[in-house]
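Since the structure of chain A is provided, determine the placement of chain B on it from the hints.
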Amino acid sequence: MFAFIIRRFFQAIFVMFLISLIGFSIQHQIGDPIRDLVGISVSKAEREALRDKLGLNDPFLVQYLRFIKKALHGDLGRSFFYKKPAVEVILSKAPATLELVFVTSILVIIFSIPLGIYCAIFPKKIISRLIMGISIIGVSIPVFLTAIMLIYIFSIKLGIMPSFGRGQTVHIFGYWDSGLFTLDGLKHLVMPSIALTSIMLPLFVRLIRAEMMEVLESEYIRFAWAKGLHPWRIWLVHAFKNTLLPVITVGGVQLGSLIAFTILTETVFQWQGLGFLFVEAVERADTTLLVAYLIFVGFVFVCINTIVDIIYGLVNPMVRVIGKK
Amino acid sequence: MQHLWSRLKQSYIFHSFIHDKVAIISSIILIILLLAGLLAPYIAPYNPYNTANIDIMDAETPPMWMEGGSAKFILGTDDQGRDMLSTMLYGMRVSLLIGLGAVMVQALLGITIGLIAGYFGGKLDNLLMRLADVQLSFSTLMVAIFMSAIFQTFFGIKQYEEMAIPFLIIVIGLAEWPQYARTVRASVLAEKKKEYVEAAKVIGFNAGKIMWKHILPNTLSPVLVISTIQVANAIMSEAALSFLGLGMPVTKPSLGSLINAGFEYIFSGSWWITIFPGILLVVLILVINLLGDWLRDVLNPKLYKG
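Order-wise, the sequence lines are chains A and B.
Going left to right, the first sequence walks through residues 1 to 325 as our numbering numbers them.
Going left to right, the second sequence walks through residues 1001 to 1306 as our numbering numbers them.
Extracted from the complex, chain A is given alone in its bound form (with noise of 0.2 Å):
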């Protein structure tokens, strides 16, 4: 088991080094230090002392193991349009994002299982037939459609529903702004999160069915209706806790579309997050801004992927085993 953390955790230092790799070179090739400093307005001669005291004609190679260091204390430059520490610009965004994978979470996680699990156990059932077919017209429709239609129907054409922002927040701790806690932040809230649970829910719908499925042909449940032990403990305690754990690890990688999902929500909703963040900082070509949003993404989705991966270790050791192949 020690040794399968340790493997783990070397390729997740690997993964962030290809990553920061990547976006060190993006900001090599694209960026330009000195604009973001001191604006257009300053002569040749000044910009080419200011570029050999901060050492941009340096190789390559050392400056970006100068990026790495700086990296580690937590600096990946500063924004060029916030005037500001990139890092502390995400770190300003990120609450807003986390409020809404959150709420969409819960969502996901409420109506996914019992869906899920009643579409697995029934098969054959109209209302399952339905959940299906409704599932695979949810996968059909892109997340900014969702999105815009809600703002027609209930902002536009009924006016009941805000339709951009957050609304009021209340100031937490740190660089925690929640919308949780006031009645117009909850109400900004709930069409984003409308919007993003109608992509995930029909996706885990459709993997807990699947994956359910499966475990219900195996020879464990066979046995178990046999010995005559009650329907709902076969399908609850036997099943389905069988069922989770490939859900977890595929619901790991649904991580990564989440992001990409929150990003184009939160585009429509104009959700001060850090997918918004991310839209405006392409537009405005920020380049660190851009680099620093990457190498934070990478670092979190990292971070859950191997954590997600070593729970799954410690609870499956059939996959400790296969890894060491």
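Hints were generated in silico from the structure; no laboratory data involved.
On a predicted model such as this, the values are computed, not experimentally measured, just so you know.
Hints are not guaranteed to be accurate.
For lysine to aspartate or glutamate, the following DMTMM-like pairs were computed, each having C-alpha atoms within a straight-line distance of at most 25 Å [stated by the list, open to error]:
(1) B:K1252 x B:E1161
(2) A:K84 x A:E280
(3) A:K125 x B:D1297
(4) A:K125 x B:D1020
(5) A:K157 x B:E1067
(6) A:K84 x A:E46
(7) B:K1194 x B:D1125
(8) A:K125 x A:E46
(9) A:K84 x A:D177
(10) B:K1252 x A:E280
(11) B:K1252 x B:D1058
(12) A:K157 x B:E1060
(13) B:K1021 x B:D1293
(14) B:K1252 x A:E283
(15) A:K157 x B:E1264
(16) B:K1158 x A:E280
(17) A:K187 x B:E1264
(18) A:K124 x B:D1297
(19) A:K124 x B:D1293
(20) B:K1252 x B:D1079
(21) B:K1158 x B:E1264
(22) A:K124 x B:D1020
(23) A:K125 x B:D1293
(24) B:K1021 x B:D1297
(25) A:K83 x A:E48
(26) B:K1009 x B:D1297
(27) A:K70 x A:E48
(28) A:K157 x B:D1079
(29) B:K1158 x A:E283
(30) A:K241 x A:E217
Chain B side only, calculated, beta carbon under 7 Å to chain A, not exhaustive [stated by the list, open to error]:
(31) L1141
(32) M1142
(33) A1149
(34) A1190
(35) F1243
(36) L1244
(37) I1266
(38) T1274
(39) I1285
(40) N1289
All residues carry an ideal CB built from backbone N, CA and C; glycine is no exception.
The following block gives chain B in isolation, referenced to the frame of chain A:
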């Protein structure tokens, strides 16, 4: 020809096809949409790329059945005065082109890597599959968004827009190869042990020939199933990228950039600029997904999950 037809008629696929209403209806709709996209320059009432046809005075005309609509523009016009129907047909053509092109890139890349990894095994296999794992764990849409953002900052918006179609094909193609690689590798591993492969080796065929001519044809059913779903995914990715402004420019819109362009006007009540391309996009993706589901049930190959 006669022989082929009778073989097809007796095959299991054909049998399950004619007994599945959903599959029949989906494929009919898909064929109509494909033809409409392919023949867009001939059947579209106007040419939306030709600025001489466009009159800004026609901008935001509602569909013909609504008040203020005109029989000249069946589905109304967009914010620049282009006929919606024509623009949508051309847009679908672009979306389909990028979707199919991207899937070809992925398939070529993924099948080659999958064959090599599965056939040779060992360290190379390990390295390639690790790479695929890492890239897949980042989700294809996220990789595509990042890559096109980097491309756009690197080349500048103007140059990016001129080269948008090949760029998008490459970006989406590069982002999704692991799906193919993993599926093909899994089937290669199963096929490799069979006798016909050993026989081919004994005859003295080289590895390339055995991989492409002997093993690959036996791995086609899972490849066919994922190809269908991947086309839908690629079209969806393209729409998402265009919606974020990282894809097709408004002058040569795909369905995604049309939706994006119309979104600003939805607040002033011009819903048709967004909703019509949206419906077309959903129908297109939906019928491909339904066909993909049907194919998976019929062929029932061992697919990689996730």
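To see whether the hints hold, each was checked on the structure:
1. Distance restraint check for K1252 (chain B) and E1161 (chain B): the Cα-Cα separation of roughly 9 Å lies within the 25 Å cut-off, and the hinted pair is therefore satisfied.
2. In summary, the hint linking K84 (chain A) to E280 (chain A) is supported, as the alpha carbons are separated by about 15 Å, within the 25 Å threshold.
3. In summary, the hint linking K125 (chain A) to D1297 (chain B) is supported, as the alpha carbons are separated by about 18 Å, within the 25 Å threshold.
4. Between K125 (chain A) and D1020 (chain B), the direct Cα distance comes to roughly 18 Å. Compliance with the 25 Å bound is thereby established for this hinted pair.
5. With a CA separation close to 18 Å, the supplied pair K157 (chain A) and E1067 (chain B) stays within the 25 Å bound.
6. At most 25 Å may separate the alpha-carbon atoms for a hinted pair to count; K84 (chain A) and E46 (chain A) meet this at roughly 23 Å.
7. For the given pair, K1194 (chain B) sits about 20 Å from D1125 (chain B) by alpha-carbon distance, which is consistent with the 25 Å threshold.
8. Between K125 (chain A) and E46 (chain A), the direct Cα distance comes to roughly 76 Å. Violation of the 25 Å bound is thereby established for this hinted pair.
9. Using a Cα cut-off of 25 Å, the hinted pair K84 (chain A) and D177 (chain A) holds, with the two alpha carbons roughly 18 Å apart.
10. A distance of roughly 23 Å separates the Cα atoms of K1252 (chain B) and E280 (chain A); the hinted pair therefore holds under the 25 Å criterion.
11. For the proposed pair K1252 (chain B) and D1058 (chain B), the alpha carbon gap of about 19 Å is at most 25 Å, so the pair holds.
12. Simply put, K157 (chain A) and E1060 (chain B) have alpha-carbon atoms about 18 Å apart, close enough for the 25 Å limit, and the pair holds.
13. Of the pairs offered as hints, the one joining K1021 (chain B) and D1293 (chain B) holds, with about 13 Å between alpha carbons and a cut-off of 25 Å not exceeded.
14. Taking the CA atoms of K1252 (chain B) and E283 (chain A), the gap is about 19 Å. The hint holds against a cut of 25 Å.
15. For a cut-off of 25 Å, the pair hint linking K157 (chain A) to E1264 (chain B) stands: about 16 Å separates their Cα positions.
16. Of the pairs offered as hints, the one joining K1158 (chain B) and E280 (chain A) holds, with about 17 Å between alpha carbons and a cut-off of 25 Å not exceeded.
17. Distance hint between K187 (chain A) and E1264 (chain B) is fulfilled; the C-alpha atoms sit about 22 Å from each other, no more than 25 Å.
18. Restraint check for K124 (chain A) and D1297 (chain B): the C-alpha separation of about 15 Å stays at or below 25 Å, so the hint holds.
19. Proximity of K124 (chain A) to D1293 (chain B) is assessed by CA-CA distance (about 16 Å); at most 25 Å being required, the pair is judged to hold.
20. As the CA atoms of K1252 (chain B) and D1079 (chain B) are separated by approximately 14 Å, the hinted pair is consistent with the 25 Å bound.
21. For a cut-off of 25 Å, the pair hint linking K1158 (chain B) to E1264 (chain B) stands: about 22 Å separates their Cα positions.
22. Under the criterion of a C-alpha separation no larger than 25 Å, the hint pairing K124 (chain A) with D1020 (chain B) is consistent with the structure, at around 16 Å.
23. A C-alpha spacing of about 19 Å is found between K125 (chain A) and D1293 (chain B), which places the hinted pair at or below 25 Å, so the restraint holds.
24. Simply put, K1021 (chain B) and D1297 (chain B) have alpha-carbon atoms about 14 Å apart, close enough for the 25 Å limit, and the pair holds.
25. This hinted pair checks out: K83 (chain A) and E48 (chain A) have alpha carbons roughly 22 Å apart, not beyond 25 Å.
26. Of the supplied pair hints, the one linking K1009 (chain B) and D1297 (chain B) holds, its CA atoms being roughly 19 Å apart against a limit of 25 Å.
27. Restraint check: the Cα-Cα separation between K70 (chain A) and E48 (chain A) comes to about 23 Å, which is no more than 25 Å; the hinted pair holds.
28. Pair hint K157 (chain A) plus D1079 (chain B) holds up; C-alpha atoms about 20 Å apart against a cutoff of 25 Å.
29. Taking the CA atoms of K1158 (chain B) and E283 (chain A), the gap is about 12 Å. The hint holds against a cut of 25 Å.
30. Restraint check: the Cα-Cα separation between K241 (chain A) and E217 (chain A) comes to about 15 Å, which is no more than 25 Å; the hinted pair holds.
31. Proximity of L1141 (chain B) to chain A holds as hinted, the smallest CB-CB distance being about 4 Å (cut-off 7 Å).
32. Residue-level restraint check for M1142 (chain B) holds (minimum Cβ-Cβ distance to chain A is 4 Å; threshold 7 Å).
33. Given hint, A1149 (chain B) at the interface with chain A, holds; its Cβ is 5 Å from that chain's nearest Cβ, closer than 7 Å.
34. At about 17 Å, the closest approach between the beta carbon of A1190 (chain B) and any beta carbon in chain A exceeds 7 Å, and the interface hint on this residue is violated.
35. Because the smallest distance between the Cβ of F1243 (chain B) and any Cβ of chain A comes to about 5 Å, under 7 Å, the interface hint for this residue holds.
36. Against a cut-off of 7 Å between C-beta atoms, the interface hint on L1244 (chain B) holds, since the closest Cβ of chain A lies about 6 Å away.
37. At a threshold of 7 Å, the smallest CB-CB gap from I1266 (chain B) to chain A is about 6 Å, leaving the interface hint in force.
38. Because the beta carbon of T1274 (chain B) sits about 6 Å from the nearest beta carbon in chain A, less than 7 Å, this interface hint is met.
39. Because the beta carbon of I1285 (chain B) sits about 4 Å from the nearest beta carbon in chain A, less than 7 Å, this interface hint is met.
40. Of the supplied interface hints, the one on N1289 (chain B) holds, with its beta-carbon coming within about 5 Å of a beta-carbon of chain A, less than 7 Å.
Of the numbered hints stated above, those contradicted by the structure are hints 8 and 34, listed in ascending order.
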